Amino acid sequence: MAQPTIPSIGLRFEDVDKRYGGLYALRRLNLEISAGECVALAGRNGSGKTTLLRIAAQLTRPTAGRVFSTVAMGDLRSRIGFVAHATMAYDELTARENLRLFAKLQNVPEPDRRADDLLRAVGLEERKTSLVRTFSRGMRQRVAIARALLNDPPILLFDEPSTGLDPEGVTWLAGTLRTMRDEGRTILMSVHGESEIAALATRAVRLEAGRVAADTRAGANVSTILRFAEA
Amino acid sequence: MGLIANTSVLLGKELRTEYRSRELLTMTGVFILVVLMLFSYSLDSTSGGSRPVAPGLLWLAFLFATSLMLQPCFLREQSNDTLSALRLAVSDPFAIFLAKLAANTLFLLLIELLLLPIFSIFFNISILKVYPQLAFVLLLGSLGLGVTGTALSAISAQARMRELLLPLLMLPLQTPLLIASAEATKALLEPNPVLRWDWVAILAAFDVIFFTALWLFGEHLLEE
Chain A
1 MAQPTIPSIG LRFEDVDKRY GGLYALRRLN LEISAGECVA LAGRNGSGKT TLLRIAAQLT
61 RPTAGRVFST VAMGDLRSRI GFVAHATMAY DELTARENLR LFAKLQNVPE PDRRADDLLR
121 AVGLEERKTS LVRTFSRGMR QRVAIARALL NDPPILLFDE PSTGLDPEGV TWLAGTLRTM
181 RDEGRTILMS VHGESEIAAL ATRAVRLEAG RVAADTRAGA NVSTILRFAE A
Chain B
1001 MGLIANTSVL LGKELRTEYR SRELLTMTGV FILVVLMLFS YSLDSTSGGS RPVAPGLLWL
1061 AFLFATSLML QPCFLREQSN DTLSALRLAV SDPFAIFLAK LAANTLFLLL IELLLLPIFS
1121 IFFNISILKV YPQLAFVLLL GSLGLGVTGT ALSAISAQAR MRELLLPLLM LPLQTPLLIA
1181 SAEATKALLE PNPVLRWDWV AILAAFDVIF FTALWLFGEH LLEE
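Note that the protein sequences, when read in sequence, are chains A and B. The opening position of the first sequence corresponds to residue 1 in our numbering, with each subsequent residue numbered one higher. The opening position of the second sequence corresponds to residue 1001 in our numbering, with each subsequent residue numbered one higher.
Same shape as in the complex, but just chain B (with noise of 0.2 Å):
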């Protein structure tokens, strides 16, 4: 069985336990909401000197949520040790990582394509007009996001501090993506929106980088 069809039966395997569950998908969409309500509350949105700073503090929620909905993704494969029984089963390791990293990225992508109207209302920001540019920006961001959250995921779920290394080494990694990310999405939420190509080949380029790394490198990260 190829990469392809091992990740396919993965990725349901991911979607079957969160539909399941609820887990991920309710604390993430409850944590978001929540920082964007404090946000929107400590700096007065409704006279929009908020604006500036709008599209940051959108991804800083994203950032957090995304630390809280990694920390579970290898541990939960090592409550039961399924991680050593998915490493015999599968041809090909990767299909692991390409299987959590397509369910992180459509569950954090999901969340965030449904709080953004909660957002535009919070900070009294129109988004209709540039809902597709801005999810494109959304689904780079959250790749990003997904491609190192995962890897440094598999990482820390071996170590010993692990619930607080994988923010400490999340934050710093993802520091480049979420300036990009930023800035990519405060160009579109300006008067006059434009999709800035520049931060937008920064945000792909990162992706590129990082799922090449995690391809080439991934099978260490999961050996005892």
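The following block holds chain A by itself, in its conformation from the complex (with noise of 0.2 Å):
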């Protein structure tokens, strides 16, 4: 494993719940993610695994409870690699019009060679130019992945990141983030049971019901947590 070389960030969660009208997503929810560390979340639909997410992003905004970082929270959001269950990207743009579109925005040097890399890298640089909205739904999702990376984010939050990707997609994600992980850059990232891109996990954290119900850091329980988290 290679020397962690990024500035890696923390997350801590304390007491947290969001509420959408009645109804708990979380519940009371602490949890804390060291720097560098690559976290599993496991649960069944509902359990609380996206609004986690979005909460970490501070897209939202929890109704009790406080998020703690080991960086100032108004810093946190520029460095944040975001991958949603929607593909974040304008279906009346290009794939390398979107890319160039967030790379200016987050002040990334050489917006247009950095697009072009990263479309590269995940097999779109014959369809750059096509618009986005004619993609199948794998390409749309290497698009939201390559979205994600444009700022060389040092927190990594990925919501089922392989949806759609075809077996190659896969393997690709699944180098890029052990790659990531060995740089030491922090990953949260919700999965569905066990695969190529979950083993790549140091810790398994199951949810239910809006609460942390398992926990673990041993390299076999990561695999047991995942896979009975549907169970």
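Worth flagging that the hints you see were computed from the coordinates, not collected in a lab. This structure is a prediction, so every number in the text was calculated from the model and none was measured. From the three backbone atoms N, C-alpha and C, an ideal C-beta is built for every residue, glycine too. Hints are supplied without guarantee of correctness; some may be wrong.
Unchecked claim - Here are some of the chain A residues that sit facing chain B, going by a computed Cβ distance under 7 Å:
id, residue
1, Leu-59
2, Arg-61
3, Phe-82
Put the two chains together into one complex; each comes in its own frame, and the hints tell you how they fit.
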């Protein structure tokens, strides 16, 4: 494993509640993610994984409780690479235009070059001038992952990142995440069951009804938690 | 990257997507044209009797068109959750509003200036002499429609009955703007045209107040 090269960021959720009307998505959730950890979030549909990721990204405000980070919370948002269920890309723009747009907004040096490099990496170089609305689900997911990596983020929040990807795409994503994990970036990703992506986790957390039901760092138990997460 | 740089990048995106789809400009332009045509036929505009009510009707058409145009403004950002991507990317969330406000005002103003000659034909009113002053009133009025409409579009996009909510919120809030715009326009379309600074001042004050409110509280409108 390579020596960590990226200044990592840790997160701490303290008594976090998130309520939508009368329904609790998260209920008094306490969780600490150390800088440089690669955490797989498991759990059934509706267990609170997506809500937790969106709160971590500061896209959703908790109803109660607080989130702390090892950097100032004001600076955190610009250091996050976020992949959501939705593709977060504009259908009316080409893949290249989408990446250039977000690269410019994030003040990425040489945005054109960065966009081209990432499109090559995700295997979309030949379709970079096609409108995103003409893409398949898997191709859109590749654009979403490329967009999340634009600013070389020290913290990655990925919500079921392998959705729609073909086996080749999953292998590429696993390789990329492995490199990023080994560089010391903090990774928090929701997964369903065991997979090439989930196997990268150094820790697994299982959520149930918005609470942490299981949490382990031991390799064998990570696999067990993931296997029985949806049982 | 600062507010202005973020805004110009986002404005470029708004213009590019509209250029590709041409949805808003076509829809709004046709809507205003149809409304003006209907008003003109129903009020017998050739007799000159419709002259006093023509400015009011003109601004009513603009108001309805704005509510139509602004409906997809933030809804489009929700279909692929691009709003979240923008919130993560920009250094100042006000840039998102500023770009949308600039684009909406620009689109509205463009349609208004193009349709003004048609309005003058339909209602038998000469506008050539006062075109610059009229453009000034249209700019202030459109800016007001844009500021309030963009803010309300962000609010309504997250609500359940969003299609109904936007016009319901917009119409009462924009009533003072509608009155001031119609009165200022009316004074310019009289046989002895004059730019009424009192109404212009109300328009400018409306714009400044709501622009400041959007600047101060806009970020909260984007939160989930």
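Evaluation of the provided hints:
| no. | hint | verdict |
| --- | --- | --- |
| 1 | Leu-59 | holds (5 Å) |
| 2 | Arg-61 | holds (6 Å) |
| 3 | Phe-82 | holds (6 Å) |
Every hint from the earlier list agrees with this structure, and none is contradicted.
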